[in-house]
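Trainee: Letter by letter, the chains look like this.
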Amino acid sequence: MRKGKRVIYTLLILVIPLLISGCWDRKELEGRAIVTLIAIDKGENNQIKFSVQIARTSDSQASSNGGSSGGEKSSIIMSGTGDTVFDAIRNLILKAGRKLYYPHNTAIILGNDIAREGILPELDLFNRDAEMRPLTWILVTPGQAADILEAQSTLESLSAKQLDMMLTDFGASSKTVATNLLDTMKQLAYDSPGAVLSNIELDPSNPKKTLLLNGAAVFRRDKLIGRLDPLETRGYLWVKDKVNAGIITFPCPGEETKKISMEIKKAKGKIEPDISEGKFNFTITVNVVSRLAEQECLTDLGNPEELMKLKKSQNEVIEKEIRNIVDKAQDKYGTDILGFGTELSRKFPQEWQKIKDNWTEEFPKAEVNIVVNSKISDIGLVKKPL
Amino acid sequence: MEKVKISTRQFTCMLFSLLLSSLMFGLPRILIEQSKQDVWQVMLITFVVDALLAIVYFILGMRYPQQTMFEYSETVLGPWLGKIIGLLFVLFFGYMLLVTLKIVSEFVFTVLLTETPELFINFILLLVSFYAVNAGLEVIARLSEIVAPLILIPLLIILTFSLNRVELENLRPIFQHSIWQLLKYSLLPISMYGVCIVMGIFMAYHNKPKESLKAKWIAIGSVTVLSIMTLISLITIFGTSYSSQQIYPVFRLAQIIKVGNFFERIETLVIIFQIAGAFVGLVIFYYSSVLGLAQIFKIQRYQTLTPYFGVIMLILSKFVFNNIAERHQFTETIFPYLALFIEVFLIIMLLIVSLIRHGIKKT
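If you read the sequences in order, they're chains A and B.
According to the working numbering, the residues represented by the first sequence are 1 to 386, in order.
According to the working numbering, the residues represented by the second sequence are 387 to 749, in order.
The reader is advised that the hints may include incorrect statements.
Said to hold, decoys possible - Here are the simulated DSSO-like cross-link-like pairs (lysine-lysine), alpha carbons at most 30 Å apart as the crow flies:
1. K242/A - K644/B
2. K27/A - K488/B
3. K27/A - K644/B
4. K356/A - K422/B
5. K422/B - K270/A
6. K570/B - K354/A
7. K266/A - K644/B
8. K422/B - K240/A
9. K570/B - K356/A
10. K186/A - K570/B
11. K704/B - K27/A
12. K242/A - K223/A
13. K422/B - K186/A
14. K644/B - K268/A
15. K422/B - K223/A
16. K422/B - K268/A
17. K389/B - K5/A
18. K422/B - K279/A
19. K570/B - K347/A
20. K422/B - K347/A
Honestly, the hints are just simulated from the structure, not real lab data.
Let the sequences and hints guide you as you build the complete structure.
Mentor: As structure tokens, this is what we get:
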């Protein structure tokens, strides 16, 4: 009896590993092609052109190209077409052979044509499928998205890695936005009027194709309607309280040809909505702490009176940056990209219910005040220039 | 009657893991979709209502010591009516078992094992629960003592490490719903909390039945605190629109955790606690159903029934809902009334009849 039991247990233990290895869903690394970048364009006949950058694993490098080194590229680009994004993805397997593996994808780049027609239909798959991750960057390019995949990487071995680092460190200049899939979906949530996404281009000043993050792309609902230049983008970031660092330049007091650089140390922005006599007023308040980082002129700026002047000029510069983007949003695009409506709905929920359907007409008429308070914290190691 | 005893801590752990795991799956999306930023008020209402209901279960359990709900419904209502009511309870537990099974296998099928047939996942889950149920209540109680921290710790890790993405402005506007709307929205969470009627079974085996009420209050109190914390982080991080779009918002929350460049992709934690928690749920519902059947039909050992019941559940799991959308619609529209009928109406009726037949003074 005891012996029989022991045999049964041994057999059971031997059978269990067969069950827990996951026979149906095993994924062998050799059978996978790791996708690092995705580009979506409009193809012919209203189809979707879906291009991917696939990292070359050492195994596939050796087998395809007998150990050649130096000029060997570290990635492969492939593209397929289909009626929908997923159709195109599956058609791609006909060319790739291996099943593409998406969880390590860094970014999704959307071509100009597809962005103008609306990006929500294209992004649905990435939001729905469990293999796609919500922290994937979403970028828009003015040309064909597939061209961005061809870009050369400079310091990193993969352009995808480089793009990731560029976007992670965007705050150093605060002249572009970095939006991942989650941010994008949040911006495009049900009743939102528009969105601002990062804009990527091939650097025109470099004949070898390299990447350049250039300003931002503006969407009405989910359709691309225009672009912001780097300084307008910073205006947007001031309002959205997303400025972390960056350089503000303006002429020296007294010497118009020479410039001063102020380094932003800390910034805080907020929007205060108000309703008076049926009119909407918004007050944008920005508090900045900066330091004198560089001066080209030879004036002694290291005294309180001069710093007061610097503070004033800095306020003016920031106010101008914000005013530019507010005017552009109200007059040129007529789209509430700055989130005034959201603030209004938070502070005046009842009024918002009444106004929300007409908000597109009301938004351009709203009055916007801008208040900038600066503080200059220090002047570096030098009291005055020689 | 089994000669088993469970301690107060085990009692608390069982209710805690049962409740928290069943709340974390699909409920956050529905709650946020309905009551938006006021969701914490809904949870508080639920807590108060369920804490009051617990008193009813407690009084019944104290009036008929050493008897489970199936036995005392016969004592109260007489053999025939009592058996019918008992069968209703069994049906309810069987239904909850099926739903829990469906919920886990759908989750595993969507996010983890996309190629594995759902029936096979159900089979494995039922097989393991079968083993635990046959081992008896003491094993189930010890199991939930292990599982409770397995649910709590991953959840706390997720909530802590997602704090860097919190945007508190998303919490406004609050108080946008009237009290009637809130009460209406709290029907569903109350019916979910109501699965604690299993208390009516476990109290009979509790070594200190007087502490049952306290144990239950601690369990639902901590579950309420944790679910409010989860709901608030979902709202502050995702906003109401995005979270009411996501079928598994807690899974999404784990996906966006990125601390430094190394602490990321920790969705596995969610999978661990969802499956571990749902396993306790499965085992408890499975046990309650077969124990109920055995006590109603006066079968000496409930273990004789477990294999047949398991096979029936496996077959039913294939047919019960065609797809996830059907189940969601059922949960949102019909389930609350059905569950409240069993969990609230029947229990209160039992108490009233018992008060009339056996007098107020009976212990």
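Trainee: The structure should be examined with respect to each hint, and the outcome stated for every one.
Mentor: To see whether the hints hold, each was checked on the structure:
Distance check on the hinted pair: K242/A and K644/B sit about 19 Å apart at the alpha-carbon level, within 30 Å; holds. As the CA atoms of K27/A and K488/B are separated by approximately 25 Å, the hinted pair is consistent with the 30 Å bound. Distance hint between K27/A and K644/B is fulfilled; the C-alpha atoms sit about 24 Å from each other, no more than 30 Å. Distance hint between K356/A and K422/B is fulfilled; the C-alpha atoms sit about 18 Å from each other, no more than 30 Å.
About 23 Å separates the Cα atoms of K422/B and K270/A, which keeps this hinted pair within 30 Å; it holds. A C-alpha spacing of about 25 Å is found between K570/B and K354/A, which places the hinted pair at or below 30 Å, so the restraint holds. A threshold of 30 Å between alpha carbons decides the hint, and for K266/A with K644/B the separation of about 23 Å falls inside it, so the pair holds. The suggested pairing of K422/B with K240/A holds, with an alpha-carbon distance near 23 Å, which does not exceed 30 Å.
The hinted pair formed by K570/B and K356/A meets the criterion: a straight-line CA distance of about 26 Å does not exceed 30 Å. Taking the CA atoms of K186/A and K570/B, the gap is about 28 Å. The hint holds against a cut of 30 Å. Our distance criterion of 30 Å between C-alpha atoms is met by K704/B and K27/A, whose separation comes to about 27 Å. Between K242/A and K223/A the alpha-carbon distance is near 23 Å, which keeps this suggested pair within the 30 Å criterion.
Taking the CA atoms of K422/B and K186/A, the gap is near 15 Å; set against the 30 Å cutoff, the hint holds. Only pairs whose Cα atoms come within 30 Å are accepted, and K644/B paired with K268/A is accepted, the gap being roughly 24 Å. Straight-line distance between C-alpha atoms of K422/B and K223/A comes to about 27 Å, which keeps the hinted pair within the 30 Å bound. This hinted pair checks out: K422/B and K268/A have alpha carbons roughly 28 Å apart, not beyond 30 Å.
Among the hinted pairs, K389/B with K5/A is consistent with the structure: their alpha-carbon atoms are about 27 Å apart, no more than 30 Å. This hinted pair checks out: K422/B and K279/A have alpha carbons roughly 28 Å apart, not beyond 30 Å. Between the alpha carbons of K570/B and K347/A the distance comes to roughly 26 Å, so the proposed pair stays at or under 30 Å and holds. Between K422/B and K347/A the CA atoms are separated by roughly 16 Å; this keeps the pair inside 30 Å, and the hint holds.
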